[in-house]
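Participant: Next come the chains, spelled out residue by residue.
2 protein chains.
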Amino acid sequence: MKPFNQMNKEELQSLKLELEEKFAKVQAQNLHLDMSRGKPAKAQLDLANGMMDVLGSDSDMVCEDGVDCRNYGVLDGIAEAKKLLADMSEVDVDEVIIYGNSSLNVMFDTVSRCMTHGVLGGTPWCKLDKVKFLCPVPGYDRHFGITEYFGIEMINIPMLPTGPDMDMVEKLVAEDASIKGIWCVPKYSNPQGITYSDETVRRFAHLKPAAKDFRIFWDNAYSIHHLYDDDQDFLLEILDECEKAGNPDLVYKFISTSKVSFPGSGVAAVATSKNNMADFKRHMKFQTIGHDKLNQLRHARFFKDMDGMHEHMRKHADILRPKFEAVLEVLEKELGGLEIGSWIKPKGGYFISFDALEGCAKKIVAKAKEAGVVMTGAGATFPYGKDPKDSNIRIAPSFPTPEELAAAADIFVLSVKLVSIDKLLEQ
Amino acid sequence: MKPFNQMNKEELQSLKLELEEKFAKVQAQNLHLDMSRGKPAKAQLDLANGMMDVLGSDSDMVCEDGVDCRNYGVLDGIAEAKKLLADMSEVDVDEVIIYGNSSLNVMFDTVSRCMTHGVLGGTPWCKLDKVKFLCPVPGYDRHFGITEYFGIEMINIPMLPTGPDMDMVEKLVAEDASIKGIWCVPKYSNPQGITYSDETVRRFAHLKPAAKDFRIFWDNAYSIHHLYDDDQDFLLEILDECEKAGNPDLVYKFISTSKVSFPGSGVAAVATSKNNMADFKRHMKFQTIGHDKLNQLRHARFFKDMDGMHEHMRKHADILRPKFEAVLEVLEKELGGLEIGSWIKPKGGYFISFDALEGCAKKIVAKAKEAGVVMTGAGATFPYGKDPKDSNIRIAPSFPTPEELAAAADIFVLSVKLVSIDKLLEQ
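Sequences listed follow chains P and F, in order. Position 369 of the first sequence, counting from 1, maps to 369 under my numbering, and the rest follow consecutively. Position 180 of the second sequence, counting from 1, maps to 180 under my numbering, and the rest follow consecutively.
Derived from the structure by calculation, the hints contain no laboratory data. No incorrect hints appear here.
Straight-line alpha carbon distances no greater than 25 Å define the calculated DMTMM-like cross-link-like pairs of lysine to aspartate or glutamate that follow:
| # | chain 1 | residue 1 | chain 2 | residue 2 |
| --- | --- | --- | --- | --- |
| 1 | P | 127 | F | 213 |
| 2 | P | 83 | P | 65 |
| 3 | F | 42 | P | 53 |
| 4 | F | 281 | P | 141 |
| 5 | F | 281 | F | 240 |
| 6 | F | 304 | F | 237 |
| 7 | F | 130 | P | 129 |
| 8 | F | 42 | P | 65 |
Covered stretches of chain P, going by a simulated chain F footprint (3 or more residues, C-beta under 8 Å):
| # | region |
| --- | --- |
| 9 | 53-59 |
| 10 | 105-112 |
| 11 | 137-151 |
Pairwise CB distance ranges, derived in the manner of DEER restraints:
| # | chain 1 | residue 1 | chain 2 | residue 2 | range |
| --- | --- | --- | --- | --- | --- |
| 12 | P | 278 | F | 92 | 42 to 50 Å |
| 13 | P | 6 | F | 123 | 58 to 66 Å |
| 14 | F | 311 | P | 281 | 37 to 45 Å |
| 15 | F | 129 | P | 206 | 36 to 44 Å |
| 16 | F | 60 | P | 30 | 25 to 33 Å |
| 17 | P | 128 | F | 92 | 37 to 45 Å |
| 18 | F | 281 | P | 329 | 37 to 45 Å |
| 19 | F | 278 | P | 30 | 31 to 39 Å |
All residues carry an ideal CB built from backbone N, CA and C; glycine is no exception.
Kindly generate the complete structure, drawing on both the sequences and the hints.
Facilitator: Structure representation (structure tokens):
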């Protein structure tokens, strides 16, 4: 089929009739398919069921250094969990703090702490007239939700194939002291699956922000979430680069096992400089006596070490890979060459990002919904839920079964075609 | 023995020599005993070990309403956990929100939310020149730690046998709009073990604070933590009283299973009005996708219902009761009638509160430490760590074994006697 923009009105009209007939048929099937959230599928959760057998009533629940994990104490995590999550974060054991069940919660608390207590003794952000964050777009809706909730003004930064537009980032942070942070998902980014290039990471490490309390919120959510064993992205370790650049305190790095073990019942961690760790811990010691050490112990004993965790992630990949490939195949086969949308083939992470013709994203999501397919709301990948081009759609292929996914992808491409034809006919 | 204040100098001097000799002997034993924190003992933790068997790799981890507890979702708690913790809180299921592993964390987050977002749409407290909290004393050091960390000014309110001095509370909240809250441990209070009288609870419910955003932080930490089956304190349910008084939004009630199952691996909850719940949830939905549902399920299936929980608490009481009684026996036997200290015999909770002669608490704690007994730091039970009379000492008898406790109590009373003699000799 030739590109849609090379078709004349009659061709588009006749194609529309044909596609509408197809659409009516799928609609009649009354499907209920969900490609909206990056949730692991049941089969992935089953992989970690063995974790429920690690601790039993007759287990020794004392950890390496003699702490009874059942009792109070240990603010920043048991030794075994620190080792495992430091390795996962590619940092030293003394550069990591273990948290509760969710890194999102830690990011929220971190912004909240900056608001009420500032950074390293600086002015609390709530005392400032204006606080701004840079937001690479498209990005993760829950990041933008946190900054919006705290009244922080968000500035869109375009994503390039190498990561955020660093020319723009460097310029803005250097000239505006009210810019206090940037949200980054540096590896297999949400939603595009882009991994920041070495140059991008180094430019981040060398930033010269006007605000001394500027911090990079480095959400390494998909650090080991590869789809292919032999074709993986590599990300430079940012703390190390910051140290080398003489900017040791610039980054807060967040990780969790949410999509490794169980979402909601995993273990989260922060890796950062000694100075920043003191800031985190000063807050923590008033906030809690300690996080769930039994769950930390459960994780450490189940995975044993990074080899165990990588082995486990390969099993996740075996389940996820065919799903990603199924969607990508449908996109390629049905939309390839039509010039009504573009997408990136990711090597890891949880999403496929689709860019429709301008002004079409909302209509495509609505159209798919008419046939029972729930997508992430159009605009969700942008601050304030506003995609200036109304173009980006996040596809989350992890949760449905392969069969459901095939059906959902068919409905999606049909919706893209129909909405694109309408746009072209209007012109 | 006659009261110390009726002894003459010679009598005191000679007693001092005798006691110093005794003290030197215990000191030579090089003991290491800890009565500093309200930590359950190993035997108490063992009681809940069966909870580790509740979920196994072949368990159905789907809860009543079909939610897979292993995956993302469910912001405010699974149905089973809501039922259990609502019953524990003596409120309806729709008046409770389930949180993570610690009620301290929820209290901290609640103060933090009030600072950044205010109460029910009111001015964020961080935008106000002055925020004050009332602090019944002696009280819980971690409460005071939270308010101090957020720069909230704390005002001491004396505890009476019926609870906080309500004349003072009523007067202060009515005339000072900068008073935004009060910390309460209404049942088996920390450290005195006092349960608020019905009149006190009703007066709380009828408060007429000048500040619309004044809230009672009702930390019902020891609601079911009785020492005696046949001699228990009863506490009026405050939400109900507030509703009746036309003050439905006045209270935030916090509970947790920290000293029921495992400290640090329990489940926390808040019970409050519908309006307040909306405030809590609005915040929560940006802070987390959900708390640890597997741990919620584990608790619900292990305890089954309140009967199960009460039955479990009886086993805790069987372990704790002899420890409390051992300490109280030593106090009575060694200090009774000497008029150098007073204490309350609690019917539940985790502490015995001891009031020494004025100006003696710090010296007594230091003296006991010389012989290897670690007590809670004197002053810790007061805001800013400052006991104006330097009199109150918190005794935590739960963690040591009965044998250790007997030795520790002996050292404690010896320390009280020696320090008191010094004070009397100085006069």
